[in-house]
Amino acid sequence: MAWVNDIIQGILLGGLYALFAAGLSLIFGVMRLVNLAHGDLSLLAAYAALVIVGPLDINPFLSILAVMLLLAVFGYVLQRGLLNHALDAGPLPPILATFGLSVVIQNLLLEGFSADSKGLDAGRIEHQAITLSDQLAIGWFPLITTLTAVVVLLGLSLFLGRTRMGRAFRATSDNQQAAQLMGIDNRYLYGLAMAISLATVAIAGVFIGIRTTFSPSVGPARLIFAYESVIMGGLGSLWGTLVGGMLLGVAQTLGSHLSPGWGVLAGNLLFLAVLAFRPQGLFAKQVHE
Amino acid sequence: MSLLELADISAGYGSFQALFNVSLSVEEGETLAIIGANGAGKSTLLKTIAGLLRTAAEKVRFDGRPIGDLPAFERVSLGIALVPEGRWIFPSLSVHENLLVGAHSRRTGAWTTDKVYELFPLLGRIRDHQASSLSGGEQQTLAIGRGLMSNPRLLLLDEVSLGLAPIVVAELYRAIPAIAASGTTVLVVEQDIGQALKVADRVACLLEGSVALQGLAGEITREQISRAYFGM
Amino acid sequence: MSRPAVRVERHTRASRTALPAAAVVVAIAASVPLWGSSNLMKTAVSFLTLLALAQMWNLLAGYGGLLSVGQQAYVGLGAYALWALSERAGINPFLAVPLAGLIAAIIAVPTAALAFRLRGGYFAVGTWVIAEVYRLLVINISWLGGGSGVSITSVGRVDRGTREVVVYLLALAVATGAIAFAYVLLRSRRGLALTAIRDDETGAESLGVNVFRSKLWVYIISAFGCGVAGAVIYLNLLRIQPDAAFGLQWSALMIFTVVIGGIGTLEGPIIGTVIFFTLQQVLSDYGTWYLILFGAVAALIAVWAKRGIWGLLVRRWPVDLFPVRRRLCLETACFPEDDSAPSPAGDAEAGTIRQT
Chain A
1 MAWVNDIIQG ILLGGLYALF AAGLSLIFGV MRLVNLAHGD LSLLAAYAAL
51 VIVGPLDINP FLSILAVMLL LAVFGYVLQR GLLNHALDAG PLPPILATFG
101 LSVVIQNLLL EGFSADSKGL DAGRIEHQAI TLSDQLAIGW FPLITTLTAV
151 VVLLGLSLFL GRTRMGRAFR ATSDNQQAAQ LMGIDNRYLY GLAMAISLAT
201 VAIAGVFIGI RTTFSPSVGP ARLIFAYESV IMGGLGSLWG TLVGGMLLGV
251 AQTLGSHLSP GWGVLAGNLL FLAVLAFRPQ GLFAKQVHE
Chain B
1 MSLLELADIS AGYGSFQALF NVSLSVEEGE TLAIIGANGA GKSTLLKTIA
51 GLLRTAAEKV RFDGRPIGDL PAFERVSLGI ALVPEGRWIF PSLSVHENLL
101 VGAHSRRTGA WTTDKVYELF PLLGRIRDHQ ASSLSGGEQQ TLAIGRGLMS
151 NPRLLLLDEV SLGLAPIVVA ELYRAIPAIA ASGTTVLVVE QDIGQALKVA
201 DRVACLLEGS VALQGLAGEI TREQISRAYF GM
Chain C
1 MSRPAVRVER HTRASRTALP AAAVVVAIAA SVPLWGSSNL MKTAVSFLTL
51 LALAQMWNLL AGYGGLLSVG QQAYVGLGAY ALWALSERAG INPFLAVPLA
101 GLIAAIIAVP TAALAFRLRG GYFAVGTWVI AEVYRLLVIN ISWLGGGSGV
151 SITSVGRVDR GTREVVVYLL ALAVATGAIA FAYVLLRSRR GLALTAIRDD
201 ETGAESLGVN VFRSKLWVYI ISAFGCGVAG AVIYLNLLRI QPDAAFGLQW
251 SALMIFTVVI GGIGTLEGPI IGTVIFFTLQ QVLSDYGTWY LILFGAVAAL
301 IAVWAKRGIW GLLVRRWPVD LFPVRRRLCL ETACFPEDDS APSPAGDAEA
351 GTIRQT
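Chains as they are written, first to last, in the numbering used here: chain A, 1 to 289; chain B, 1 to 232; chain C, 1 to 356.
Hint data in this document are derived by calculation from the structure and do not stem from the laboratory. Be a bit skeptical, because a hint or two may be false.
To give an idea of the chain A side of the interface with chain C (calculated C-beta under 7 Å), a few residues [to be verified]:
(1) H85
(2) P91
(3) P93
(4) I95
(5) V104
(6) V218
(7) P220
(8) P279
(9) Q280
(10) L282
Computed from the model, here is a short list of chain B residues facing chain A with C-beta under 10 Å [to be verified]:
(11) A50
(12) L82
(13) V83
(14) N98
(15) L100
(16) A103
(17) S105
(18) M149
Even glycine gets a Cβ: it sits at the ideal position worked out from N, Cα and C.
Full structure from sequences and hints, please.
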């Protein structure tokens, strides 16, 4: 029964990872950009929430909209001011630029907020659970997180599948120059993609901040979880990312069950196994040339 | 005033120059064919008009307005559409979605998805197919239909016949008079002289990056074209 | 019957003076133990090992096109190999340094088998994940000291003064070795293949270059270099903590140093290391601001001055101190005419107008 509980907790944890990985998946899909600062940006969101929540004394959930807006604007400016130019310059510059950004954000947070762990307090909801049996309980907060992830992914796929801009995103992903010939301004579109990506990162950042304490140095580890979810699920597949995140979550909870130190390692090893035996990921969207 | 005026255009890629001082004008409503051998600079010329290659603003005038320095996407909203060589359809989108993306610029006019399906019934039959599954002829048809969706004043067609069976090419060329009749100015670039001459009001021949011959389609002889084409 | 007067020129005016000058610099550096303080040598060890790491990353990314963010794996493995060989196997710690590099290189082979399945940005994060796996494995294996790390005590038997001198000379050897090796490698046939891959991977493949094998070799060599450098670094520090030894900060230092100095040149990493050390010393009172500045400058340079500081210098004063390319010379002229540093493909001017 303990195993079943572990698996359920792992799936719910995976929802959080998927919520966090969706933005990474989106911008890779649209502009083939791997954002190495993704994890640090989620911390930026958590600290932004901290700054908003503190003086107003409100529930961190209420800060989410403001943080989303803040990061979306930041993402748009970052894309148009720096990363669009990096994308023009070849394959190396975008990766190097986001890596530089990662170190800059991490150390700015360190200077601004010290290395001490911080947390967002969402009140009683964090500890309430639906008890199914002695050993089986589903926490309200993990459940809300996973539902939020599903809603965000659903929203993203509706946007991509049904709207004019969503079609433009997919067209640009297929062939950027051809998209320009349709009147699509790819620089604006990339800015929009980064804004959306960081808005989802903002949601994820606040949720993770409520779930666990955080310090400026944990960004890179988070990037890795998001990245593993995306690759395991298969590049370009949003729902694959959800499954990838859940697999990672289950591997981690089962690993921790064996030995407390093995959680993250088990997730990494599962990822390497997927890479070795199914490098295209589990739900890779068919690639067309 | 001509719809499109090109003045003294030189362009190329890196250290390779493809066009040398090309000047050309296109009148509203006419169908102009630009013919020339491989490497004569035809595609480069179309890219310069469409904005995939940029130049000094006043070297390209559209409806009197200097546009040589505008990016491609801005020229679409002015009414220039390029159907590129190689078609460049969006493989992961359906046929219908490809057409909808073609209308991204929201230019209004005669062309809608219904009108395109009317002109090319073939596309209507496969509207929900994923574009990656299309044959070469279907892709080319879709590319032209998609170009029409932006309701262009000037439609640029690059090597429509390339790699297609003659019967498919003939089918596609039958649509051009209908397009021209809707008021759209058409500029076709072709290696296939026969097809080009059938639809064109006027012909310009490019040879090694320069205009070697210009004239009304009815007044130019085959022999003149051959000479301009091969540079003899 | 005279042979056509064509020859392949592989030196430049500047390089003929640069090589003797480099020899003089190395000789002076080698004399430091005779006159330098123990503090100077300790600082010099971190300078020289960073220089070696930067050269290794430059070889990997600047020439092999392999943008790894996981070379800290080999710094850590080199450090732990040093510890295992000297503390557990009883091998002389100084002799254990090259062996540590060898162990890192051996581990690099299966690692590459996995990492090479990924491309571009995903290769970068993939190498990073693998470095994390090594860190977590070390932490979870109690034989290797677990999360709190291990100490290298066997060198305690060597007198402190001697130890410092030997460690310093090892670091000097590693740094000069890295530069000399890269220089010789790039001037060899294999180096020509690498440069071709750097400039145009598909083109190189079509000319018969085995791209995969060339990249694999560069990856293994780089792992060896990072392993040796890691061993020397921890021979200097004497205390290995897994979080630090496998820390991402090694990648940050290597990458920023090379990017700022000038990627894809041998001079770049040297300049970058000098700049980093100067910045670190000047801003030492201001916490991590040197790192913020360094990261920001690297990001900006990566986007707007792809050839780095060295590239900017060369544009102004055309010199090529370590020429690794060939020039074709006829009786009266050489091609390319100037003997300045080459501008690799993908430079700004080539990028303005490009088809598809």
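Hint by hint, here is what the structure shows:
1. H85: Nearest chain C Cβ about 5 Å off; hint holds.
2. P91: holds, 5 Å
3. P93: Holds - the Cβ of P93 (chain A) comes within 7 Å of chain C, reaching about 5 Å at its closest.
4. I95: Holds - the Cβ of I95 (chain A) comes within 7 Å of chain C, reaching about 5 Å at its closest.
5. V104: The hint holds - V104 (chain A) has a Cβ within 7 Å of chain C, the shortest such distance being about 4 Å.
6. V218: violated, 12 Å
7. P220: OK, holds: P220 (chain A) within 7 Å of chain C, min 6 Å.
8. P279: holds, 4 Å
9. Q280: violated, 9 Å
10. L282: Nearest chain C Cβ about 15 Å off; hint violated.
11. A50: Hint holds; A50 (chain B) Cβ to chain A Cβ min 6 Å, cut 10 Å.
12. L82: holds, 5 Å
13. V83: holds, 8 Å
14. N98: Check passed: Cβ of N98 (chain B) comes within 8 Å of chain A, closer than 10 Å.
15. L100: The hint holds - L100 (chain B) has a Cβ within 10 Å of chain A, the shortest such distance being about 6 Å.
16. A103: It holds, given that the least Cβ distance between A103 (chain B) and chain A is near 8 Å, below 10 Å.
17. S105: At 3 Å from the nearest chain A Cβ, S105 (chain B) passes the 10 Å test, so the hint holds.
18. M149: Holds, about 8 Å.
Hint check: violations occur at hints 6, 9, 10; the rest are consistent with the structure.
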